[in-house]
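Novice: Sequence:
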Amino acid sequence: MMMENLIHTVLFSDTEIPVVITSEKKVDVAFNGIRLELRKGLKRELPLKYAIPLMRRNLAKVDVTRLYTKGQINKIRWKEERIETLQEIDEDFYVKVRILLKNLEQEVKENPDNIELLSTLRQIKISVIDIIKARFQKIVKMALMNPEVSRELLKNMTKEERLLYVQVCDLLSYWYDSMQKFVDRGEVL
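Going by my numbering, the residue at position 1 of the sequence shown is 960; the numbering climbs one at a time, nothing skipped.
Everything labelled a hint here was simulated from the structure, so no lab data went into it. Given the structure is predicted, the values throughout are model-derived calculations rather than measurements. Any given hint could be a false lead.
[Said to hold, decoys possible] When the alpha-carbon atoms are kept at most 27 Å apart in a straight line, the in silico DSSO-like pairs for lysine-lysine are as follows: (1) Lys-1055 / Lys-1068; (2) Lys-1118 / Lys-1020; (3) Lys-1114 / Lys-1034; (4) Lys-1114 / Lys-1038.
[Claimed, not checked] Just the calculated beta-carbon pair ranges, DEER-fashion: (5) Val-1099 / Thr-1028: 26 to 32 Å; (6) Asp-1049 / Leu-995: 21 to 27 Å; (7) Lys-1034 / Glu-1075: 16 to 22 Å.
Idealized CB from N, CA, C, for every residue including glycine.
Sequences and hints are given; from them, build the entire structure.
Specialist: Put into structure tokens, the structure is as follows:
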């Protein structure tokens, strides 16, 4: 359901996710004006807007082996917590992590006695929250230091973070400009 909701947003419709074709029959997909013939076992990165319909029809499934691992997520967390500048990250990081978490949640549901699986799920969630906090603080700090949007800074951000950064910069610029006008005009009443 979560991935179905993502497809309806412009922000995520072109996000490419790794899928593996599960259909016994050949599957034809039009992709960027090119017609692809997909066979069982084929692994491919497809935009959500193409992957979701295939998954709904049980013709494909997410290839979790090509999503982030717990180790990769911990490495990202370690860097974000120790390095002052915003580290480069895949612009679709949060979407791909959410898909990974959704798959882990499903596995836990199917194997409720698997303590190791539940522990992995919890550890990944904690690490991702730590990444969000660290990156959020850096983004807000950058906006406070200079509320003019910097293309250079945008390149290390995810789609969601770019939206946050631009909105925070706009809010800070608007507030500063309005306070400057208030002081210049001196109008209280």
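Novice: Each of the hints needs a verdict: does it hold here or not?
Specialist: Hints and how they fare:
1. Lys-1055 / Lys-1068: 20 Å, holds
2. Lys-1118 / Lys-1020: Given pair Lys-1118, Lys-1020 holds - Cα atoms ~24 Å apart, limit 27 Å.
3. Lys-1114 / Lys-1034: Holds - the C-alpha atoms of Lys-1034 and Lys-1114 are around 20 Å apart, at most 27 Å.
4. Lys-1114 / Lys-1038: 17 Å, holds
5. Val-1099 / Thr-1028: 26 to 32 Å: 29 Å Cβ-Cβ, so the 26 to 32 Å window holds.
6. Asp-1049 / Leu-995: 21 to 27 Å: For Asp-1049 and Leu-995 the Cβ distance comes to about 23 Å; the hint holds.
7. Lys-1034 / Glu-1075: 16 to 22 Å: Given about 21 Å between the Cβ atoms, the range holds.
Checked against the numbered hints given earlier, the structure satisfies every one of them.
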